[in-house]
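Read off the chains here:
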Amino acid sequence: MFELLGVPPQALFGQLLLGLINGAFYAILSLGLAVIFGLLNVINFAHGAQYMMGAFATWMLLQYFGVPYWGALVAAPVLVGIFGMLLERLFLSRLYHLDHLYGLLLTFGLALIIEGLFRQQFGSSGLPYTNPIPGGANLGFMFLPYYRAWVVAFSLFVCFGTWFLIEKTKLGSYLRAATEKRDLVQAFGVNVPRMITLTYGFGVGLAALAGVLAAPIYTVNPLMGSNLIIVVFAVVVIGGMGSILGAILTGFGLGIVEGFTKVFYPEASNTVIFILMAIVLMIRPAGLFGTQR
Amino acid sequence: MAEAGAALLKVKDLHAWYGESHILHGVDFEVHQGQVVTLLGRNGAGKTTTLRAIIGLLRRREGSILCEGAETIRLPSNRIARLGLAYCPEERGIFASLNVRENLLLPPVVKPGGMTEEEVHRLFPQLQARAASQGTKLSGGEQQMLAIARILRTGARLLLLDEPTEGLAPVIVRQIGTIIRTLKQRGFTILLVEQNFHFAATVSDCHYVVEHGHIIDRIDNRELAANRSKLEAYLGV
Ligand SMILES: Nc1ncnc2c1ncn2[C@@H]1O[C@H](COP(=O)(O)OP(=O)(O)O)[C@@H](O)[C@H]1O
Ligand SMILES: [Mg+2]
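Protein chains in written order, with the working numbering: chain C, 1 to 293; chain U, 1001 to 1237.
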């Protein structure tokens, strides 16, 4: 058995896996934020609440309708995404000609309302959700729970699938073009308002998907989103708003950094991302992959 | 001859605003089927604003813009484009996040009968070789070619071209002149914005002079020589 700087491999790889799991959530959430910000120019502060809604939708689908995890994996993001599209049509779409700040304030307010309603209804102690893939494999150097392996693998698939969709397909070329020059794309005959609604729905659906993945790991709790989203915004600041691939790489990378910090210097594990954020802000204010706009 | 076709585009008493500033003060003109018509005028006269108003890119516009008889003044720009209008902006509007081919294929087909990608490449051979380059890595002339090329595939019959020769070398200006004449032969109708009336004279059927958001004169291309001194005074050249 080898040891690294006096750290047993069980602990090291265990934390690495935890880091990857957190990184997966950071990546999916910051990806959704980046897609929304790119096209809508809105910093979606309701993202955490929408992630929480994804977890609750998963729980409710099982509890009230008997829909198992695998059904919720599809249904919850779709339902929460549709809810997002309604928000966009009813409220957000009225703010596009105003400053960024209005969208931010609106989504922040919506997040508070949504979280308040869920707390009112379900309390804040949290609801358990049964692990759909119990058990795990002993790899010798570590124990690998199957569900966590699934979360990491599926998140990678979702992230790179989204990257491929945006960067390599015709549909993605509309999104990229509209992100640059929305008016011109519309003047070519593309129904950009509808595209904006669908894109917001897609970004919200991604947040909800992260919520589905989280339900069996963390307890389903009305405040689960607001705790996570603060770190995700730090991740976004580090990665920069400009790039899809940047959001993915920064998300996973920072999860891993956090995991290693837990092993080597646990005292800093809750703050390391914010320290990195401060450093990046000093050296590259637009973020590692960001472009000034 | 110039008035032979039906009015494809009829602009009447067009007013337009940028925020609070009232830029167009009642613009009137027509473009007939198969014609090349120019809007001439000094910098800041309102030529670009007129094109942007026609394609629906301004938040506030009033008056009447009939396209094949259909009123478009209250339509959003995507619906206007679907009537068969296509816009090539003054700043060219090439997308940096798209490669040349993606830029070329971006505008959706709005009507049948547009050029195929192959026909477009025959007209603009230099674009094919650069298909995988980032759109904005092209030279200014190539970007202008790309900006024109991409609206030929869409089936739009009325092209709005805003100063396609601006800032380009004489050899490229001549190339663009050839292309505009070819497009006219193929039956496209073109509304061209120009400051360079020497160039406009080589491609257009008729010229409208724009000043301070009004049309102040209309000169048939055949009468251009006779009106040369008047035109020079309008344009301050
Ligand atoms: N985005 C804008 N906001 C405010 N004013 C503008 C804007 N664009 C153009 N203008 C003003 O509108 C007038 C007409 O401009 P424009 O149509 O671009 O002129 P031209 O194309 O004939 O050179 C000018 O006085 C210009 O300053
Ligand atoms: Mg202009």
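Some clues are possibly wrong.
Unchecked claim - Simulated crosslink set (PhoX-like; lysine-lysine; CA at most 25 Å straight-line):
| no. | chain 1 | residue 1 | chain 2 | residue 2 |
| --- | --- | --- | --- | --- |
| 1 | U | Lys-1137 | C | Lys-168 |
| 2 | C | Lys-181 | C | Lys-168 |
| 3 | U | Lys-1010 | C | Lys-170 |
Unchecked claim - Using C-beta positions, here's what the derived DEER-type ranges look like:
| no. | chain 1 | residue 1 | chain 2 | residue 2 | range |
| --- | --- | --- | --- | --- | --- |
| 4 | C | Thr-169 | U | Ala-1096 | 47 to 53 Å |
| 5 | U | Lys-1111 | C | Phe-160 | 33 to 39 Å |
| 6 | U | Asn-1227 | C | Leu-86 | 56 to 62 Å |
| 7 | U | Thr-1178 | C | Met-282 | 52 to 58 Å |
| 8 | C | Thr-169 | U | Ser-1021 | 38 to 44 Å |
| 9 | U | Gln-1033 | C | Leu-86 | 54 to 60 Å |
| 10 | U | Lys-1111 | C | Thr-291 | 34 to 40 Å |
| 11 | U | Ala-1096 | C | Pro-193 | 31 to 37 Å |
| 12 | U | Gly-1063 | C | Val-78 | 28 to 34 Å |
| 13 | U | Glu-1118 | C | Pro-285 | 20 to 26 Å |
| 14 | U | Thr-1182 | C | Met-282 | 55 to 61 Å |
| 15 | U | Asn-1196 | C | Pro-193 | 36 to 42 Å |
| 16 | C | Thr-169 | U | Ala-1070 | 32 to 38 Å |
Said to hold, decoys possible - Chain U is nowhere near these chain C residues, computed Cβ spacing over 10 Å in every case:
| no. | residue |
| --- | --- |
| 17 | Leu-62 |
| 18 | Arg-89 |
| 19 | Arg-94 |
| 20 | Pro-128 |
| 21 | Ala-177 |
| 22 | Thr-179 |
| 23 | Leu-184 |
| 24 | Val-185 |
| 25 | Phe-188 |
Calculated directly from the structure, the hints in this document are not laboratory data.
All residues carry an ideal CB built from backbone N, CA and C; glycine is no exception.
(request) Can you let me know if the beta-carbon spacing of U/Ala-1096 and C/Pro-193 is within 31 to 37 Å? (result) Since U/Ala-1096 and C/Pro-193 have Cβ atoms about 23 Å apart, the given range 31 to 37 Å is violated.
(request) Would you assess whether C/Val-185, listed as outside the interface, keeps its beta-carbon beyond 10 Å of every beta-carbon in chain U? (result) violated, 7 Å
(request) Check the non-interface label on C/Ala-177: least C-beta distance to chain U beyond 10 Å or not. (result) Violated: least Cβ distance 5 Å, not greater than 10 Å.
(request) Could you tell me whether the CB distance from U/Lys-1111 to C/Phe-160 stays inside 33 to 39 Å? (result) holds, 37 Å
(request) Starting from the hint 34 to 40 Å, judge whether the C-beta atoms of U/Lys-1111 and C/Thr-291 obey it. (result) holds, 36 Å
(request) Could you see if the CB distance from U/Glu-1118 to C/Pro-285 stays within 20 to 26 Å? (result) violated, 47 Å
(message) Just want to verify: C/Pro-128 was marked as not at the interface with chain U; is every Cβ pair farther apart than 10 Å?
(response) holds, 44 Å
(request) With 10 Å as the threshold, tell me whether C/Arg-89 passes as away from chain U on beta-carbon distances. (result) With a cut-off of 10 Å, C/Arg-89 remains clear of chain U, as the shortest Cβ separation is near 15 Å.
(message) I want to verify a distance hint. Is the separation of the beta carbons of U/Thr-1182 and C/Met-282 within 55 to 61 Å?
(response) Since U/Thr-1182 and C/Met-282 have Cβ atoms about 56 Å apart, the given range 55 to 61 Å holds.
(request) Determine whether the Cβ-Cβ distance between C/Thr-169 and U/Ala-1070 falls within the hinted range of 32 to 38 Å. (result) Holds, at about 34 Å.
(message) Against the range 56 to 62 Å, how does the distance between the Cβ atoms of U/Asn-1227 and C/Leu-86 compare: consistent or not?
(response) holds, 60 Å
(request) May I ask you to test the hint 54 to 60 Å on the CB atoms belonging to U/Gln-1033 and C/Leu-86? (result) Given a distance of about 45 Å, which is not inside 54 to 60 Å, the answer is violated.
Checked against the numbered hints given earlier, the structure breaks hints 3, 4, 9, 11, 12, 13, 21, 22, 23, 24 and 25 and satisfies all the rest.
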